[in-house]
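Q: Using the sequences and the hints, build the whole thing.
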Amino acid sequence: MRLILELILPALLIVCALAVTFSKRLLVSVVIYTSFSIIMSVIWVLLESPDLAITEAAVGAGVSGLLLIYTLKKIHALKGTSDE
Amino acid sequence: MEHLLINHYETAAVILFGIGFLNLLLQNNLVKKVIGFGIMDSAVYLFLASQGYIVGRLAPILVGEVANAADYINPIPAGLVLTGIVVSVSVTAFSLALIQRLYQKYKTVNFDEIVQLARQKGDE
Amino acid sequence: MPFIYNFPFFSIFICMISGIVTPLLKNGKWAYRLSLFASGAGFVLSGILLGRIGPNNESFSFMMGHFPAPWGNELSVGPLEAVLATTVCLVMLMALLGGSRDIFEDVLPEKQKLYFIMMDEILAALLALTYTNDIFTAYVFIEISTIAACAIVMAKDSSDTMVATMRYLIMSLLGSGLVLIGIVLLYCITGHLLFPNLQLRVLDLASTGQYTMPLTVVVGLIVMGLGIKSAMFPFHLWLPPAHGSATTASSSVLSGLVVKGYIILMIRLFYKVFTIEVIRELRVTNMIFLFGLAGMIIGSVGAIKEGHIKRMLAYSSVAQLGYVFMGIGLGTDIGIVAACFQILVHACTKPMLFSCASALSAGRHHNKKLHALRGAAYENKLAGVGFTVGALSMIGIPLFAGFAAKVLFASATMAQPVKMWMTLLTLALSTVLNALYYIPAVTVLWSRPEEGEAGEKVLVHPAFAVSTVVFITAVFFLGICYQPVVTLIQNGLALL
Amino acid sequence: MSKMAKIKKEKQTAWQRFCAWVNGDTADRPLMPADPPAPRKTKTDKNKKQKTVSSRKEGIELNRFGSIYRICAVLIGVAVVTVLMVTVLQLPLFGSPDNPAVNEVVERYVEKGLEETGAVNMVAGMILDYRAFDTFGESSVLFLAVTCVTMLLMRDKNNTSKDEDLLTAREHVIEGYEEDIILTKIARLLIPCALVYGIYVVLNGHISPGGGFSGGTIMGSALILFAVSFGMIRMSRFFTYATFKKVTSCALLVYAASKAYSFFTGANHLESHIPLGTPGAILSSGLILILDICVGIVVACTMYGFYALFTKGEL
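Residue numbers (the working numbering), protein chains in the order written: chain A, 1 to 84; chain B, 85 to 208; chain C, 209 to 704; chain D, 705 to 1019.
Calculated from the structure, these hints are not laboratory results.
Warning: the hint list may mix true and false statements.
With a straight-line cut-off of 25 Å between C-alpha atoms, the simulated SDA-like cross-links for lysine to any residue are [unchecked claim]:
1. C/K319 with D/S940
2. D/K949 with A/Y70
3. D/K1016 with A/L7
4. A/K24 with D/S940
5. D/K1016 with C/P317
6. B/K189 with C/K319
7. A/K24 with B/Q204
8. A/K73 with B/K189
9. A/K73 with D/T1015
10. A/K73 with D/L974
11. B/K189 with D/T1015
12. D/K861 with C/D365
13. C/K234 with D/F942
14. D/K949 with C/V229
15. D/K950 with C/R656
16. C/K480 with C/P276
17. D/K861 with C/D368
18. A/K73 with D/M789
19. A/K73 with B/E86
20. B/K189 with A/A11
21. B/K205 with C/D365
22. B/K205 with C/H574
23. B/K189 with C/R519
24. A/K74 with D/Y945
25. D/K861 with C/L701
26. C/K665 with C/G583
27. A/K74 with C/S367
28. A/K24 with D/L871
29. A/K24 with B/L110
30. C/K513 with B/Q204
31. D/K950 with C/L316
32. B/K205 with D/N863
33. B/K191 with B/N112
34. D/K866 with B/Q188
35. A/K74 with D/L974
36. D/K816 with D/L974
37. C/K237 with C/G248
38. C/K576 with C/K480
Just so it is clear, the structure is predicted and the values come from calculations on it, not from any experiment.
A: See below:
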C-alpha cells in the first residue's frame, strides 16, 4: 500500500505540474496548483516530516492559493464565474 | 534505470524542477510564471527532504527519555525546507502584487505585450 | 575573546534592527536619519575592526549562538572581509547622502519610510554575505537582498521601473533557484553546511574521486546562479533597464554594491569551500574567464549605442563586472586579488557617476538624454568634476583608480601565456571602447550650451557635496596609494 | 456562431461540458448552465486592437529575439534536467542509513538536542536554537515581503484612480448592510476554533509538530475569515494599519533582542541564565517558546496583511 502511494504521488505531482503548464484558463491552473500543494503535504507525511506537512497545508494550499485567486480577481481572469 | 526508480522522489523532483524552470523562462503569462517558480521551489524541497529520509526511522520528535540517533531521521532537511517554504511564499506574494500593478497599468498579464507597450510609451 | 570581535555581529544586527524599527518612526526624514546612522555605525565598527586586524593579519570565527562550527551558525572575519565591509558601509552611506534629494522627490511621502527599510536590510544582507561562514545562511541573505533590491528599483513607481522590476525579479528567481539546488546537492554529498567542514569533505571527495560528477554540477549550478544575479555576460540583459530607471540612490547601491555582494560570496565559496585548486581542476575558471571577456566587450558596445546617460552607465557596469569575472577566471591568487581590487574601485566610482549624472540632469527638468545635457556641467560644477573624475577612472587614466586595477589585471596574467594575450588584447580594446563613450559624454557636459538650451543654476546640496568629495578622494586614494590596499587584500585572501 | 453549432452545444452531455470546462474552452459558459451571460465588451478587447496596431518592424525584431531566446531557454532547461538526472544516478540510494548527510551533526542534534535546547521537537530545536541566525533571516524575508506589498498596493495617488476610489466606497457601504447569513453563521463557529488551534500549534511548537510559522498561518487565516465574512470595516475596529505596524515591529524586535542576547552570550562564552524547564511541558525550552510566539504573531499579521492589501489595498 505504502509503496503504491510512494510511486503514485510523485507521478501525480508531475501530472499536476504539466496540467498547470498546459491549461488554458488561469483559474484551472491555480486550482490544480493548490491540489499540487495538497499532494505535496501528503508526501511530507510519508517522508516523516509532520512539521512540513502542516506548514505546506497551511501555506501552499491555503494562503498561496488565496493570494493567487485574489490576484486573478484583480486581473479580471475569473471569466465564467459569478464573481466577475 | 533501477537507481532512478529507487530514488523515485529525487527523479520526480528533477523532472518537476525542469517543468518549473521552463515555465519560469518560457511562459508569457506572468501568473503562470509565478506558479512555475512555486513548482520549481517545491521540487528542490522534495529533493532535499527525500535525501533526509531513512527507511524505518521515526520523525524527529523525541519519544521517551533517551534519544538514540539510530531511531530518528535526519532533522536538518526538514528545518531547511521550513525556512525555504517561508522564503518562497514571501516571494510569491511580492511577485503577485507586482503583477497586479502591471495589470493596472497595461491591462494585460502577458509579459511580451507589456514589454512592447512599455517600449511604445518610452518612444513617445 | 577580545570585545572587538563582536563588531561584525553588531554591525549586521544594527542594520537589521533599524530596518525593523523604521515603521514606527514618524516620517521619511527620520527613517533617512536612522539609515544614515546604521550605515555610519557599520562604517565606524568595520573601520575599527579593520584597523585592528589588518596590520596584525588576524582572522577569527565568531559563533552565532552557543554551539561551535559543525552545529551552529558562524561568522568568519579576516582582513579581506573587513576591507570589503568597510567599503560597503561607506559606499552605502555616501550613496544615501548623494541621492537623498532624489529619494524625497521620486518616492511618495507615505512610502519613503518603507524605502529606507529596504536600504537597511540590503546593507544587513550585504554584510551578512561578506561575513557568513554558513552556506544556507548565505542563501537566506541572498533572498533578502533579492527582494529588497527589487523593491528599491520599483520604489520610483513609474511605468518603466515596474517592467524593469519584473524582469529583474524573474531573473533573480531563476538565479536563486539554481543556487538553492546547488546548495541542496552539496549538502546531500557532504552532509555539512558550515564552510570549514564543507571544505574538509570536498577535499576528501576530490582526493578519493568519489562524487566527482555531482561536485562539478554543484559548482556549475552555484556559479551560474550567482552569475545570473550578478549580471555575468550571457545573463546581463536585465541589468540596464533596472539600474537605468531606478531612483539615483537605488542605482548607486544596486550597481555599486548589490551585484558585488554575490561576487564576493562566489569568491569566498571558491576559497573557503571548493578551494581554488579544485575549481581550477574542474575547469570552471576557464568558462568564467571567457564570459568575463565577452562581458567587457558587449557591455561597452551596448553603452556606445545608448543615448540615455543612466542606461549608458548601467551598460558600463556590465563591462566593469566583466573585468571582475575575468580576474576570477584567471584562477590564480593574484588574479583574484585584482578582481577584489576592481570590486572596490567600481564600488567607489559607479555610485559617484550615478549621483553626479542625476545632479546634472536636475537643472534640465530631469531629462537624462545625453543631448539634453549640453553644458550642464557649468550649472553644477561639482557634479561636473565628479562625473569627469569618474569617467577618467573608468577609462583607466593613470593616477585614477581604474588605472591601478588595469595594471593589476595586466600583471596578473603574466604567468599564463594563452590567457595573457587574450586578456591584454581585450583590455586594450575595452579601454578604447570605454573612451569611446565616456569622452563624448564628458565633452558634451563641458561644451558651452547654445542659446536657450541652458538650464537654471542648481544649488549644490550639502549632502551631495559631501558624498562627491568623499568619492573623489576615494578614487584618487585607490589610484595613487593602492599598494597598501593590495597587500591587505593579498593577506586576507591567504587567510581565507 | 451557426445554428447547428448552437444546437450541438446545447446537446452536450454533462461530461462533455465538464471536459470542456477543464480544458478552459468555455469561457462564456459556466459549468452549470444558467441564464446566458450578456455579451460584454471589456477593456481587454480594446487593448488587443491597440496591440495589433503597434509598429510592425518592432514586432519582427522582438519576434526574432523571442525565438532565439526560446530556443536557448529550452536548451538550457533540458541541459539542466539531464545533468541533474545523471547526478541523481550517482547519489546515495533513497532511504539508506549510510547517507553522507547522516554524520556527527545529526547525531548531536538528535542525542543532545533535548539536553541543550530543551525542545522535544528536534526540528524546532534546530531552527530556533542551533541555527537561529537563518531563521531570523527568514522572518526578515517575511517582513520585507509584506513591506514590499505595502509599497506596491497600499492606496496612493499613483495606483488608484478616482473611479476605483468610488467603487471601494460603494463596496464598503454594501458590506455594511449585507451580511451573508450562511457565511457569518459558519464563521462564528469556525473562527474561534481556528484561532484556538493556531494558538495551540504555536504554543506546542517545541513539543509537537508545528511551530510559529504554521500556527501563525492558521491564526492568520482565522483573521482572514473574519474579514471575509464580517467585512473590513468591522475588522478595522480593532486592527488598523497602525496596530499592524506596531505589533509586527514589536514582535520582531523582541525576536531580534532575544536572539542578540543569546548570540552575544554564546560567542563570548557567558552564561545565558535562561532556564530550560522540564522537557515536554509548555513552559520549557528557554527562548524557543518566546521565539515561536513572536514568529506566530508576525506571521499571522503578515498573512492578514497580504489578504487586506490584495483585496482592498489598505489595512
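Q: A separate judgement is required for each hint: does it hold in the structure or not?
A: So, going through the hints one by one against the coordinates:
1. Of the pairs offered as hints, the one joining C/K319 and D/S940 holds, with about 21 Å between alpha carbons and a cut-off of 25 Å not exceeded.
2. Between the alpha carbons of D/K949 and A/Y70 the distance comes to roughly 23 Å, so the proposed pair stays at or under 25 Å and holds.
3. Under the criterion of a C-alpha separation no larger than 25 Å, the hint pairing D/K1016 with A/L7 is inconsistent with the structure, at around 43 Å.
4. Of the supplied pair hints, the one linking A/K24 and D/S940 is violated, its CA atoms being roughly 38 Å apart against a limit of 25 Å.
5. Between the alpha carbons of D/K1016 and C/P317 the distance comes to roughly 21 Å, so the proposed pair stays at or under 25 Å and holds.
6. Under the criterion of a C-alpha separation no larger than 25 Å, the hint pairing B/K189 with C/K319 is consistent with the structure, at around 19 Å.
7. Distance check on the hinted pair: A/K24 and B/Q204 sit about 28 Å apart at the alpha-carbon level, beyond 25 Å; violated.
8. Taking the CA atoms of A/K73 and B/K189, the gap is near 16 Å; set against the 25 Å cutoff, the hint holds.
9. Using a Cα cut-off of 25 Å, the hinted pair A/K73 and D/T1015 holds, with the two alpha carbons roughly 9 Å apart.
10. At roughly 55 Å between alpha-carbon atoms, A/K73 and D/L974 are farther apart than 25 Å, so this suggested pair is violated.
11. The straight-line distance between the Cα atoms of B/K189 and D/T1015 is roughly 17 Å, inside the 25 Å bound, and the hint therefore holds.
12. For the hint linking D/K861 to C/D365, the alpha-carbon distance of about 11 Å falls within 25 Å, and the restraint holds.
13. Our distance criterion of 25 Å between C-alpha atoms is met by C/K234 and D/F942, whose separation comes to about 22 Å.
14. Note on D/K949 and C/V229: the hinted pairing holds, with a Cα-Cα distance of about 10 Å set against a maximum of 25 Å.
15. With a CA separation close to 55 Å, the supplied pair D/K950 and C/R656 exceeds the 25 Å bound.
16. For the given pair, C/K480 sits about 17 Å from C/P276 by alpha-carbon distance, which is consistent with the 25 Å threshold.
17. Simply put, D/K861 and C/D368 have alpha-carbon atoms about 17 Å apart, close enough for the 25 Å limit, and the pair holds.
18. Of the supplied pair hints, the one linking A/K73 and D/M789 is violated, its CA atoms being roughly 39 Å apart against a limit of 25 Å.
19. A hinted pair counts as satisfied when its Cα atoms are at most 25 Å apart, and A/K73 with B/E86 does not qualify at roughly 46 Å.
20. Of the supplied pair hints, the one linking B/K189 and A/A11 is violated, its CA atoms being roughly 40 Å apart against a limit of 25 Å.
21. Restraint check for B/K205 and C/D365: satisfied, since their Cα atoms lie roughly 15 Å apart, inside the 25 Å limit.
22. Distance restraint check for B/K205 and C/H574: the Cα-Cα separation of roughly 18 Å lies within the 25 Å cut-off, and the hinted pair is therefore satisfied.
23. Distance hint between B/K189 and C/R519 is fulfilled; the C-alpha atoms sit about 23 Å from each other, no more than 25 Å.
24. Between the alpha carbons of A/K74 and D/Y945 the distance comes to roughly 22 Å, so the proposed pair stays at or under 25 Å and holds.
25. A distance of roughly 51 Å separates the Cα atoms of D/K861 and C/L701; the hinted pair therefore is violated under the 25 Å criterion.
26. Between the alpha carbons of C/K665 and C/G583 the distance comes to roughly 11 Å, so the proposed pair stays at or under 25 Å and holds.
27. Proposed proximity of A/K74 and C/S367 is supported: the alpha carbons are some 18 Å apart, at most 25 Å.
28. Our distance criterion of 25 Å between C-alpha atoms is broken by A/K24 and D/L871, whose separation comes to about 30 Å.
29. Under the criterion of a C-alpha separation no larger than 25 Å, the hint pairing A/K24 with B/L110 is consistent with the structure, at around 15 Å.
30. Our distance criterion of 25 Å between C-alpha atoms is met by C/K513 and B/Q204, whose separation comes to about 19 Å.
31. A hinted pair counts as satisfied when its Cα atoms are at most 25 Å apart, and D/K950 with C/L316 qualifies at roughly 22 Å.
32. A C-alpha spacing of about 18 Å is found between B/K205 and D/N863, which places the hinted pair at or below 25 Å, so the restraint holds.
33. Simply put, B/K191 and B/N112 have alpha-carbon atoms about 15 Å apart, close enough for the 25 Å limit, and the pair holds.
34. For the suggested pair D/K866 and B/Q188, the alpha carbons sit about 13 Å apart, so the restraint of at most 25 Å is met.
35. Pair hint A/K74 plus D/L974 does not hold up; C-alpha atoms about 54 Å apart against a cutoff of 25 Å.
36. Between D/K816 and D/L974 the CA atoms are separated by roughly 20 Å; this keeps the pair inside 25 Å, and the hint holds.
37. Between C/K237 and C/G248 the alpha-carbon distance is near 16 Å, which keeps this suggested pair within the 25 Å criterion.
38. Among the hinted pairs, C/K576 with C/K480 is inconsistent with the structure: their alpha-carbon atoms are about 43 Å apart, more than 25 Å.
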